[in-house]
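*Asks:* The residues making up each chain are set out below.
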Amino acid sequence: MIQLTKTGIDGLDEILNGGIVKDSTTLISGNPGAGKSILCLQYIYNGVEMFGEKGIYLSFEENEEDLRQAAESIGFDKWSEYVDNGDIKVYDKQVLLRENDFSSSLEILLEDLEDDDYDRLVLDSLAMFQLFFEDEKEKRMYLLKLTDILRANGLTTLMTNEQGAVFPDTNIGLENYLTDGNIYLIQTPTDSGVSRYAWVAKMRKQDIETDIYPMEIDQGGIKVHQNASAFSMMNEDESPI
Amino acid sequence: MASAELLQTLGNKYSAEILDATDEPISAQDLSDELEIPIATCYRRIDELTEHDLLELHDNILSDDRRRIKVYRRNVDEVRIDFDEELTIDVEERSEVTNKLDEAWRTLSDT
Numbered sequence: 001m002i003q004l005t006k007t008g009i010d011g012l013d014e015i016l017n018g019g020i021v022k023d024s025t026t027l028i029s030g031n032p033g034a035g036k037s038i039l040c041l042q043y044i045y046n047g048v049e050m051f052g053e054k055g056i057y058l059s060f061e062e063n064e065e066d067l068r069q070a071a072e073s074i075g076f077d078k079w080s081e082y083v084d085n086g087d088i089k090v091y092d093k094q095v096l097l098r099e100n101d102f103s104s105s106l107e108i109l110l111e112d113l114e115d116d117d118y119d120r121l122v123l124d125s126l127a128m129f130q131l132f133f134e135d136e137k138e139k140r141m142y143l144l145k146l147t148d149i150l151r152a153n154g155l156t157t158l159m160t161n162e163q164g165a166v167f168p169d170t171n172i173g174l175e176n177y178l179t180d181g182n183i184y185l186i187q188t189p190t191d192s193g194v195s196r197y198a199w200v201a202k203m204r205k206q207d208i209e210t211d212i213y214p215m216e217i218d219q220g221g222i223k224v225h226q227n228a229s230a231f232s233m234m235n236e237d238e239s240p241i
Numbered sequence: 001m002a003s004a005e006l007l008q009t010l011g012n013k014y015s016a017e018i019l020d021a022t023d024e025p026i027s028a029q030d031l032s033d034e035l036e037i038p039i040a041t042c043y044r045r046i047d048e049l050t051e052h053d054l055l056e057l058h059d060n061i062l063s064d065d066r067r068r069i070k071v072y073r074r075n076v077d078e079v080r081i082d083f084d085e086e087l088t089i090d091v092e093e094r095s096e097v098t099n100k101l102d103e104a105w106r107t108l109s110d111t
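Chains as they are written, first to last, in the numbering used here: chain A, 1 to 241; chain B, 1 to 111.
Honestly, the hints are just simulated from the structure, not real lab data.
Computed from a predicted structure; not experimentally measured.
Treat the hints loosely; a few may be bogus.
[Claimed, not checked] Dumping the calculated EDC-like pairs for lysine to aspartate or glutamate here, alpha-carbon to alpha-carbon at most 16 Å:
#1 Lys-22(A) <-> Asp-148(A)
#2 Lys-6(A) <-> Glu-53(A)
#3 Lys-22(A) <-> Glu-138(A)
#4 Lys-54(A) <-> Asp-10(A)
#5 Lys-100(B) <-> Asp-180(A)
#6 Lys-100(B) <-> Asp-87(A)
#7 Lys-137(A) <-> Asp-102(B)
#8 Lys-145(A) <-> Glu-53(A)
#9 Lys-145(A) <-> Asp-180(A)
#10 Lys-100(B) <-> Asp-119(A)
#11 Lys-145(A) <-> Glu-34(B)
#12 Lys-100(B) <-> Glu-53(A)
#13 Lys-100(B) <-> Glu-138(A)
#14 Lys-93(A) <-> Glu-114(A)
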């Protein structure tokens, strides 16, 4: 029986048929502004709020204050309370990049992982983490080693991935193949603003709904709507994966 | 910056081959077998390379017959020699980040 970790995000757990496979690593891809960081904040916040699971949030992109403000702006009011009491552990860019010495932060992080205290982890972003490696071969090898380490320590992980194009039909990075799950967040401009979509393209060991679903970002975070029939952006036979 | 003595050590027969073969931790006996180096020479080279921090004692692992064996791993990715102006020898050490991940990952596979 496969154990699942619920994101607690309205609609997303349903299209995942219950949640993300426990101890797996899922890549969250999308353009800047597509909602990757919000999804990750929500995943960690819901973990504590709804499921009593502690989380680690690694951000090379933002500092702790930015994260708190982002969380509070979408209504995660207890974010700083959870950070203060240790339910959410934040490694922000100031910590991770302190004196350009990622290796000492990594050491503390690895100790935290072995503590067994935490169930959820976010890495924002994978691209920044990969800057510490020299070539493609190293990037791949150490992504695999990291996911092994996370799995062995019982962490269900989301990693964000910047996506250059609206649709990932070109330029599918190897990291998509190396991770257990792939979720794409898509935003397209419309006459009246922007339309947002979520697409679970892959989830190993799990029977998922692979349609593209509309979603919105609002107070309370992301909501995915399961009414997929209302629109179609792509013919089925054009699916790139 | 390293001294010219380091070049002497590097220049000794088998030194470069040993560094090349110690990407992953390996014992003196396995090095000797793999590279067809007499075991006494192998130990001597390991000592010299370790003295210059080019190689490091990585761990004492338990062999199949439950003996402790020392495994060595190279500590360096690149050595650059510059003859322009004055002689400089730069040793580029292996990345600490990869080292730590390797270490953590290896602990997993041991258990």
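*Asks:* All the hints need checking, so say for each whether the structure fits it.
*Replies:* A quick look at each hint next to the structure:
For the given pair, Lys-22(A) sits about 13 Å from Asp-148(A) by alpha-carbon distance, which is consistent with the 16 Å threshold. The hinted pair formed by Lys-6(A) and Glu-53(A) meets the criterion: a straight-line CA distance of about 10 Å does not exceed 16 Å. A C-alpha spacing of about 26 Å is found between Lys-22(A) and Glu-138(A), which places the hinted pair above 16 Å, so the restraint is violated. At roughly 20 Å between alpha-carbon atoms, Lys-54(A) and Asp-10(A) are farther apart than 16 Å, so this suggested pair is violated.
For the suggested pair Lys-100(B) and Asp-180(A), the alpha carbons sit about 23 Å apart, so the restraint of at most 16 Å is broken. Annotation: proposed proximity of Lys-100(B) to Asp-87(A) is violated, straight-line Cα distance about 26 Å (limit 16 Å). Of the pairs offered as hints, the one joining Lys-137(A) and Asp-102(B) holds, with about 14 Å between alpha carbons and a cut-off of 16 Å not exceeded. A threshold of 16 Å between alpha carbons decides the hint, and for Lys-145(A) with Glu-53(A) the separation of about 24 Å lies outside it, so the pair is violated.
A C-alpha spacing of about 13 Å is found between Lys-145(A) and Asp-180(A), which places the hinted pair at or below 16 Å, so the restraint holds. Taking the CA atoms of Lys-100(B) and Asp-119(A), the gap is near 22 Å; set against the 16 Å cutoff, the hint is violated. Taking the CA atoms of Lys-145(A) and Glu-34(B), the gap is near 26 Å; set against the 16 Å cutoff, the hint is violated. Restraint check: the Cα-Cα separation between Lys-100(B) and Glu-53(A) comes to about 27 Å, which exceeds 16 Å; the hinted pair is violated.
Our distance criterion of 16 Å between C-alpha atoms is met by Lys-100(B) and Glu-138(A), whose separation comes to about 14 Å. Taking the CA atoms of Lys-93(A) and Glu-114(A), the gap is near 22 Å; set against the 16 Å cutoff, the hint is violated.
Comparing the model with each earlier hint shows violations of hints 3, 4, 5, 6, 8, 10, 11, 12 and 14; every other hint is respected.
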